[in-house]
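Novice: Keeping their order, the protein sequence lines are chains A and Z.
Take the first sequence: its position 486, counting from 1, is numbered 486 in UniProt numbering, and each next residue is one higher.
Take the second sequence: its position 414, counting from 1, is numbered 414 in UniProt numbering, and each next residue is one higher.
These are calculated hints, taken from the structure and not from any lab test.
Just so we're clear, the structure is a prediction, and the values are computed from it rather than from any experiment.
Built from N, CA and C at the ideal position, the CB exists for glycine as well.
It cannot be assumed that every hint is accurate.
Said to hold, decoys possible - Calculated from the model, a selection of chain A residues having no Cβ within reach of chain Z, i.e. all distances over 12 angstroms:
#, residue
1, Leu-328
2, Ala-702
3, Arg-729
Said to hold, decoys possible - Simulated crosslink set (EDC-like; lysine to aspartate or glutamate; CA at most 20 angstroms straight-line):
#, chain 1, residue 1, chain 2, residue 2
4, A, Lys-352, Z, Glu-267
5, Z, Lys-129, A, Glu-272
6, Z, Lys-113, A, Glu-162
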Amino acid sequence: MTAKKSGSRLETEIERCRSEGQWDKIPELVRQLSAKLISNGLCLEKVPAASPTEREQEIITCYEKSGDIALLYLQEAEKVCVSGIQNRSPKPGPTSQDQELGYFLETGLQRAHVIHFKNGNLTQGVGRFREILRAVETRTTQNLRMTIARQLAEILLRGMCEQSYWSPVEDPPTVSPLDDPTRQGHVQSKKYSLSRRPRLFKTIYCQCCNENTEEALLLLLISESMANRDAVLSRIPEHNNDRIISLQSASVVYDLLTIALGRRGQYEMLSECLERAMKFAFEEFHLWYQLALSLMAAGKSARAVKVLKECIRLKPDDPTIPLLAVKLCIGPLHWLDEGECFAKMVIDMGEKAAEFRAKGHLAIGLVYSLKATDASLRSTQEEYQRKALGAFQRAQSLSPTDHLAAFYLALQLAVSRQIPEALGYVRQALQLQGDDVHSLHLLALLLSAQKHYQDGLNIIEMALSEYPENFNLLYTKVKLESMCRGSEEALLTCKHMLQIWKSFYNLTNPSDSGRGSSLLDRAVADRRQLNAMTLPDFSDPDTGSVHATSIAASRVEQALSEVASSLQSSAPKHGPLHPWLTLAQIWLHAAEVYIGMSKPAEASACTQEAANLFPTSHNVLFMRGQIAELRGNIDEAKRWYEEALSINPTHVKTMQRLGLILHQLQRYSLSEKVLRDAVQVNSTAHDVWNSLGEVLQAQGNAAAATECFLTALELEASSPILPFTIIPRAL
Amino acid sequence: IELQCRPTLLPAFQTLPDSAVSAYAALLKDKGALVPALYKVIRENYSELLEPVCHQLFEFYRSGEPQLQRFTLQFLPELLWSLLSVSAARDPHTSGCIEALLLGIYNLEIVDKDGQSKVLSFTVPSLSKPSVYHEPSAIGSMALTEGALANHGLSRVVYSGPLLQRENFTAQNRFEVLTFLLLCYNAALSYMSSTSLQSLCQISSRVCICGYPRQQIRRYKGMSTRMTVTSEFLVQLLTGIHYAWCNGEAELGSKALDDVLYRAQLELFPEALLVGNAIKSTQQGAALKSNTKEGARSIQVEITPTASRISRNAVTSLSIRGHRWKRHVDLGSPDELMDISEADEGLWPGGMAPDITPPTITISNSVTTLNLGAKAMKMCRLGGRGSKEKETSPLPAGRAASESAEASVKRLTLTSSQSVPKAGTLTSLTRTASAVFSRSFEQVAAGSAPPSSTHAAPEAGHYSCSLQEEGTGYLNHTQRSPSISVHLGSDL
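Model the full structure from these sequences, guided by the hints.
Specialist: Listed below in structure tokens is the structure:
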């Protein structure tokens with residue numbers, strides 16, 4: 001009782017000082033008052049009580065009141081100090097920088113919510129947290145705010161869900177699943193009154209939070225900005241402990257940020273946040289690894305690989321890290337040499353890599369397989385194909401239950417035209433994973449290579465019932481239909497594809513970029529994005545600058561056309577460019593069908609649609625050449641083909657058509673040269689061999705011509721309706 | 001016994017008037033034995049009761065009454081498992097009613113009350129706008145990156161959806177639908193019973209390890225074919241597992257987390273690895289604390305000492321912010337100096353004009369040593385009360401002053417670049433500054449004793465520094481006062 005009395009005496013004294021303008025006395029008095037209240041609370045906790053709920057309420061009131069007073073005091077104290085500086089008066093205020101919360105203030109500010117949580121009263125605990133955080137900060141409370149913001153974020157992420165959340169500006173729900181049900185029912189409002197309360201942040205025009213993840217994110221960003229400031233940068237041994245402390249407090253914040261942003265898929269923002277954590281990250285594996293993963297998830301592949309290299313240095317025994325790097329190298333980056341290095345790291349781990357050993361062999365097999373496709377010399381091609389086959393066989397024997405190993409083995413066998421063996425392995429893959437889209441696609445292509453077109457079509461239709469929106473399958477379907485059901489059916493499928501495309505991408509949400517109304521506008525905007533997107537990935541600081549730019553220029557072109565020609569995968573999340581590539585591809589397929597029906601006008605219209613999207617694509621130019629040929633304009637066709645080749649010098653189909661035209665123009669030696677080049681690029685194209693044979697025959701070289709014809713005949717027997725390489729290869 | 005009573009209990013719902021729905025929901029909650037009985041029906045897979053049960057659960061969901069919807073949702077993990085295990089076993093006809101139930105819930109959830117497609121939005125908070133918890137001006141250390149500038153003042157809203165209505169499950173849309181259903185489940189996590197959370201953890205483990213070598217370690221028999229998963233699906237599972245772990249299911253939760261991480265590693269999913277690693281790392285710190293109360297569904301906090309535990313003389317990002325490196329100091333011309341001050345990132349987040357050097361120069365002139373001594377005394381007195389040593393008597397003035405000198409020497413070490421004790425040409429100023437800087441730095445680095453005299457010339461410089469810091473702090477906090485910038489203009 002005496003304590004209470006003196007408490008109120010202190011309060012009146014404070015008011016007196018305020019009215020008399022004795023500002024320098026107030027802080028001291030307030031401090032005394034709040035200390036008094038806290039010791040009250042502490043004593044009450046120790047004394048056994050007859051009615052626990054009442055006692056509890058009393059205790060909490062003590063703490064909450066003292067906490068509020070403490071906040072008020074700190075705010076006033078800072079005001080005094082600030083005005084002291086403003087007036088340039090020598091009036092001394094407490095030097096805030098050096099000031100720390102004393103034991104009493106700290107207890108007063110924290111004890112109340114600790115008790116709430118101990119009692120299972122989450123709603124009130126969160127409410128108290130928010131009250132403290134909403135008070136305008138002072139220099140002294142910064143550390144406290146950082147801790148409390150983190151704790152509240154932790155609670156929001158761990159103990160709440162969207163449905164049980166209430167916003168900080170709303171009243172808490174009266175009944176909540178968050179509270180301990182045995183104690184529910186005595187949710188009291190504040191019993192004490194204070195003449196003045198701590199100043200709060202203004203709530204007008206401010207961002208508000210609609211769900212727990214949003215509030216947690218806001219709190220974490222605040223906490224992060226403070227934790228970041230305390231990063232200890234000096235590396236001298238005396239500061240080791242400081243460094244560990246600052247690292248720990250920061251890495252908790254970053255982990256929580258990862259959880260919050262990961263839930264909402266905001267990996268781009270996450271990678272930016274984690275990049276700020278790098279000042280803590282020297283020799284810290286966890287932070288490096290998280291940064292690498294976030295970069296990977298955000299699609300910043302080139303940087304991710306660089307960070308992964310550092311991770312490998314820090315933890316050389318973990319096979320996952322080099323495998324992640326290989327995944328990026330053979331996927332979006334197409335850095336095959338680097339990929340080979342990473343894959344070899346996994347293989348060199350041997351037994352230590354355990355379940356990842358098979359993955360390592362699979363990875364290196366994929367690298368070799370892709371290298372074989374890229375190689376321009378036949379001997380290197382065959383060398384890589386042999387190596388790839390060996391690696392896939394190894395992977396398959398190491399992990400016989402992995403459908404991917406069996407599937408890639410089948411694919412590699414198919415590429416080297418060992419059709420029956422490939423069929424065996426693809427069946428095995430399908431037994432392991434019955435609804436794998438790539439295995440089904442490969443099976444259909446293999447059947448078409450054996451000229452069982454109808455069976456192939458059946459397989460494709462079956463696969464389409466499981467993957468109705470897979471454009472890769474639909475392209476094959478168009479080809480097969482025009483082969484065995486006539487062009488009309490194929491055209492219907494093209495129309496169907498356009499409908500799917502529309503329903504798929506017209507539903508795009510407002511956060512997507514392309515806002516232009518006409519297709520053309522969008523495509524232009526998209527291309528700009530493509531440049532911004534791909535260019536940084538190609539600029540390699542290691543190579544000379546002049547060289548790098550020229551490489552970059554050609555590779556952007558290449559990327560644009562390559563992606564366009566061999567659509568990687570049908571998943572609609574490959575960036576904003578993807579839909580337009582798909583659309584262009586659909587139009588080109590339709591054009592091809594029309595060409596097959598000898599309808600140049602319609603084919604030309606379709607090609608024009610594709611050209612609106614990608615005017616410089618070699619596929620568009622090739623198609624224009626074909627239309628010109630169909631119309632009988634040999635010279636125009638030749639011009640188009642030459643243009644297509646200037647963009648993509650290794651486009652075999654164009655080379656073959658150009659060779660034929662040159663043959664018609666009776667420029668035999670040039671035609672022979674073009675066709676021989678084409679054979680170098682792709683030695684399995686039977687129609688090129690056939691054309692080469694014709695040219696050689698016209699030149700009178702009968703023996704060589706016969707050989708070419710025989711090769712063509714042999715290859716034709718095993719040629720699929722579309723090249724096997726349209727099936728994407730990725731880890 | 002309950003099984004018999006169930007068919008009589010559940011259909012009664014259909015005849016209820018709307019007003020009685022919530023009362024019915026409350027009644028349902030009290031039927032303790034009903035939930036386990038329903039679990040049994042769903043797990044059996046071939047039970048003839050499955051179809052009426054699924055139908056009834058869907059009716060509950062369609063009623064729109066939150067309690068009834070949650071009643072249905074609590075079975076979601078088990079339903080997911082049935083669907084996945086059946087489709088992995090390629091036995092498509094047995095799970096028809098479960099498929100219908102799940103698709104029904106999905107199709108209800110993707111539209112709003114008027115039948116329009118729902119677009120979920122998520123506002124990414126930004127520190128550059130005020131909120132209930134902060135004011136942008138107080139947070140000085142925002143990195144002035146290109147990205148930050150591009151997003152300045154914009155609050156980003158991320159949308160997801162609208163999603164397509166689905167009439168059947170295909171291999172292509174299966175995980176899209178299931179991921180969305182898990183999102184709905186996660187939105188109601190607090191209302192889920194511990195049985196439901198346990199089953200979530202168990203099915204997460206099973207989905208991830210079936211057909212992989214780890215299955216033997218977990219001794220789970222029943223399925224041995226591998227199930228395909230997607231990264232997003234695993235991330236949603238992880239959200240639920242995280243909640244379960246923190247709310248009484250520590251053992252199952254940690255097992256499930258390990259299994260999901262194992263699978264994410266094998267599949268090389270960066271998203272799932274990222275979130276899983278983060279959960280694991282936060283949990284490693286917390287495991288020690290929360291072990292005391294196993295099984296309790298509550299979260300505890302403790303009083304955390306918040307005083308900065310980082311020693312003063314450690315170089316931190318904050319203390320280094322104003323620092324000008326030595327090679328810059330030697331640059332003579334004012335232009336270059338301004339460049340440097342521009343490069344000091346983030347002191348004025350509002351994007352102030354580049355041609356204003358830090359307005360601290362003038363303040364130092366007005367401060368005398370005498371004032372400082374008194375001020376330091378006051379500080380010691382105030383600080384002393386609060387600290388645990390409980391120093392009761394104020395220190396003698398001389399000692400206090402020397403202590404404050406020590407403190408400011410330490411703080412000075414890297415901020416001295418801003419210290420400009422006397423007016424003069426900028427070049428000479430910088431030279432002084434660099435001299436002071438290097439001297440004091442050496443002192444601290446060598447660990448020599450702080451100077452005892454408070455009247456020596458270099459120390460005067462130190463005092464002004466410590467005051468300047470306050471000055472910047474203040475200026476940082478509110479608007480710069482106009483008088484100072486006028487001064488500056490004349491200086492330049």
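Novice: If a hint holds in the structure, say so; if it doesn't, say that too.
Specialist: Hint by hint, here is what the structure shows:
no.	hint	in the structure
1	Leu-328	violated, 9 angstroms
2	Ala-702	holds, 54 angstroms
3	Arg-729	holds, 15 angstroms
4	Lys-352(A) with Glu-267(Z)	holds, 18 angstroms
5	Lys-129(Z) with Glu-272(A)	holds, 18 angstroms
6	Lys-113(Z) with Glu-162(A)	holds, 18 angstroms
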